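Asks: Here are the chains, one letter per residue:
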Amino acid sequence: MGVPIEKIEWMYETMYKIRYYEESMVNIYAEGKSPVFNIGAGTVPGEMHLAAGQEPAAVGICAHLKREDTVTAPHRPHHNAIAKGVDLNLMTAEIFGRKTGLGRGKGGHMHLFDPNVKFSCGGIVAAGLPHAVGAALAAQMKGEDWVAVAFIGEGAANAGAFHESLNLAAVWKLPLIVVVEDNAYGISVPKSASTAVASNVERAAAYGIAGYSVKDNDPITMYEISERAVQLARRGEGPTLIEIETFRYLGHFQGDPELYRNKQEVPSLQKRDPLLRVEALLKKQGIQEIEIKHMQERAIAQVDAAYQFARESDYPNATQAFEDVFVVGM
Amino acid sequence: MSISIHKRLLTGNKALAEAIALEMESDPNVFVMGEDVGVYGGIFGATEGLYQKFGSTRVRDTPISETGFIGAAIGAAAEGMRPIAELMFVDFFGVCMDQIYNHMAKIHYMSGGHVKLPMVLMTAVGGGYNDAAQHSQTLYATFAHMPGLKVVAPSTPYDLKGMMISAIRDDNPVVFMFHKTLQGLGWMDQLDYSIGHVPEEAYTVPLGKANVVREGKDVTIVAIQMMMHRANEAAKQLAEIGIEAEVIDLRSLVPLDKETILESVRKTHRLLIVDEDYRSYGMTAEISAIVAEEALYELEVPIRRLAVPDVPIPYSRPLEQAVIPSVEAILDAAKQLVQH
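Chains as they are written, first to last, in our numbering: chain A, 1 to 330; chain B, 1 to 340.
Since the hints were derived computationally from the structure, they do not count as laboratory data.
Every value quoted in this text rests on a predicted model; they were computed, and no experiment measured them.
Be aware that one or more of the hints could be misleading.
As the list claims (entries may be wrong) - Derived SDA-like pairs: lysine to any residue, alpha-carbon spacing no greater than 25 Å straight-line:
#, chain 1, residue 1, chain 2, residue 2
1, A, LYS173, B, PHE54
2, B, LYS116, A, PHE322
3, B, LYS258, A, GLU323
4, B, LYS258, A, PHE322
5, B, LYS258, B, ARG214
6, B, LYS116, A, ILE124
7, A, LYS293, A, LEU88
8, B, LYS209, A, PHE326
9, B, LYS116, A, VAL117
10, A, LYS142, B, PHE54
11, B, LYS258, A, THR319
12, A, LYS173, B, ASP61
13, A, LYS173, B, ARG58
14, A, LYS99, B, ASN102
15, B, LYS116, A, GLU323
16, A, LYS293, A, ASP218
17, B, LYS209, A, GLU323
18, A, LYS173, B, ASP36
19, B, LYS116, B, ASP257
20, B, LYS209, A, PHE322
21, B, LYS116, A, TYR315
22, B, LYS209, A, VAL328
23, B, LYS258, A, GLY329
24, A, LYS66, B, GLY113
25, A, LYS142, B, LYS53
Based on the provided sequences and hints, a complete structural model is requested.
Replies: Laid out in structure tokens, this is it:
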């Protein structure tokens, strides 16, 4: 296999950072929400969609991206944001609703915008996909080799925006890669009950574009297929759809009773945890235990510092609610 | 020696297309997307000649995919492009309103001002030509209600050009509504006011500034687009019976130039508001509320409003004529206000 060792190391450390970020958030989100769960109470209020288990989709493709490449993500965005290199302090402050946040506290966890690394996400299913089409169109019109990556869930592939966007990107041959993160559920509805085809790769064929399937949440295969897709897009040879089977370890949102799935499902997925698999691969390639430990420690320190930064940041003043409706001076 | 003054006359659609062409020439980031905006030149002629001049890369015919291409305009604008997306009829907003309401209007705010969307959503509005309930609406208030969108609706060829240039140069998303019957198209009603003087050069008309198109001391009539022209017709007839009406062309719903309205009300003490949109929760209600809040004691008589009386626009000619305010209805209402 031809994945450079430094790329495997980057993927491992980034996946570890994402996992630790999400697992920390489970606890932080619970602060102030007991004994009675009130979604609007506590350190971090509002809905919280976490991506523990879905790291391979994010790191496998972001390993090939540069700053100028655009990423759009849906309501479950932390792994995508971290893999794209969104500033972790500013992102966390935004999730905490602080004035130091990416959106000065006006966006929140589902609405993170970091133009420095061209990342955005939003709370409407499939809506980020046309934005990625537009970013890809801008790249094409500017004559740059930039690409746009739209992360969506498998549930979004049944929305009109998905089909309009694939057709548009195909007919204009845009440098777009659609990554369908198939975590098997649209909230509670299993893919088999919502989607007329077994794999969304079949839908790529309907728009005459390349389509690839990544099985079993495998970050290495994701990396290899993404490399092809990104190269194709950079060469101006059009869009690609990649669907990856991934794992949603947690509920749709924190507080989801998950009555719709078997209690044994997650433990059985965790036996095939992608982090453990990449760790084993690193060891197989001769990376020492101590080096792996250093990677983990770096990731933990960065995440802890981000949460610390968010906690110590101030809330915005009420008057700031009136700012940013329109561009100042226009 | 005689001096002859030549004024170049253009139809509304040609004024619009000229504005877009001038901006496309001076800024490579400006481009147009929409259904039939290419060779066809836009169903209402707003992009006439642009395809021939700039080619298919910058004047892009799209599939019938409003969510897709309006969303793409948002994505391209976030990258610093200045797209103009045409929604063929404003009535089609339903298939893409998520992109407009939840993204175009809010991204600047949710990003804390870090993302700008310098885009124009251009769309055709208005009835009066028997196109029935799904192709005749103005929906001014639907768009003006949502914070984060500038919403403009020019009434003359001069303003269409000047405000389109301002809209393209604005760093905010602008919903630019042109009235179908004011485009001066050969296949619609031929109205004198769909043709007007338009200078050749690029000039701007500010967004958010109303225009007092006729001065008067007896009654203020506030209107926009076709209703402004009808109000102006009514004002001419009022003058014949000794009533001097002041007619205000709003030109822009957001920002709303309330000072010009209030100033006029302080002078005339009587207010009539005319709207081609639905009555309830609309522009007439908004302006009434502003005047009630800020100049109530200036009023000698209660405010009058004329608007589509909360029914869908009917197809049949006599029915449609009954629901869209006419010159006669404006005349009567103004007379009643003054003779109260």
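Asks: Determine for every hint whether it applies to the structure shown.
Replies: Hint by hint, here is what the structure shows:
Distance hint between A/LYS173 and B/PHE54 is fulfilled; the C-alpha atoms sit about 20 Å from each other, no more than 25 Å. Taking the CA atoms of B/LYS116 and A/PHE322, the gap is about 17 Å. The hint holds against a cut of 25 Å. A threshold of 25 Å between alpha carbons decides the hint, and for B/LYS258 with A/GLU323 the separation of about 21 Å falls inside it, so the pair holds. Proximity of B/LYS258 to A/PHE322 is assessed by CA-CA distance (about 19 Å); at most 25 Å being required, the pair is judged to hold.
Our distance criterion of 25 Å between C-alpha atoms is met by B/LYS258 and B/ARG214, whose separation comes to about 17 Å. Proximity of B/LYS116 to A/ILE124 is assessed by CA-CA distance (about 19 Å); at most 25 Å being required, the pair is judged to hold. With a CA separation close to 21 Å, the supplied pair A/LYS293 and A/LEU88 stays within the 25 Å bound. Straight-line distance between C-alpha atoms of B/LYS209 and A/PHE326 comes to about 16 Å, which keeps the hinted pair within the 25 Å bound.
Pair hint B/LYS116 plus A/VAL117 holds up; C-alpha atoms about 15 Å apart against a cutoff of 25 Å. Using a Cα cut-off of 25 Å, the hinted pair A/LYS142 and B/PHE54 holds, with the two alpha carbons roughly 15 Å apart. The suggested pairing of B/LYS258 with A/THR319 holds, with an alpha-carbon distance near 23 Å, which does not exceed 25 Å. For the proposed pair A/LYS173 and B/ASP61, the alpha carbon gap of about 14 Å is at most 25 Å, so the pair holds.
Among the hinted pairs, A/LYS173 with B/ARG58 is consistent with the structure: their alpha-carbon atoms are about 15 Å apart, no more than 25 Å. For the hint pairing A/LYS99 with B/ASN102, the CA-to-CA distance comes to about 22 Å; that is within 25 Å, so the pair holds. Taken as a hint, the B/LYS116 and A/GLU323 pair is honoured in the structure, with Cα atoms around 14 Å apart against an allowance of 25 Å. Our distance criterion of 25 Å between C-alpha atoms is met by A/LYS293 and A/ASP218, whose separation comes to about 22 Å.
With a CA separation close to 22 Å, the supplied pair B/LYS209 and A/GLU323 stays within the 25 Å bound. Proposed proximity of A/LYS173 and B/ASP36 is supported: the alpha carbons are some 20 Å apart, at most 25 Å. A threshold of 25 Å between alpha carbons decides the hint, and for B/LYS116 with B/ASP257 the separation of about 24 Å falls inside it, so the pair holds. A threshold of 25 Å between alpha carbons decides the hint, and for B/LYS209 with A/PHE322 the separation of about 22 Å falls inside it, so the pair holds.
Between B/LYS116 and A/TYR315 the alpha-carbon distance is near 24 Å, which keeps this suggested pair within the 25 Å criterion. Note on B/LYS209 and A/VAL328: the hinted pairing holds, with a Cα-Cα distance of about 17 Å set against a maximum of 25 Å. A hinted pair counts as satisfied when its Cα atoms are at most 25 Å apart, and B/LYS258 with A/GLY329 qualifies at roughly 19 Å. Restraint check for A/LYS66 and B/GLY113: the C-alpha separation of about 24 Å stays at or below 25 Å, so the hint holds.
With a CA separation close to 19 Å, the supplied pair A/LYS142 and B/LYS53 stays within the 25 Å bound.
Hint compliance for this structure: every hint is met.
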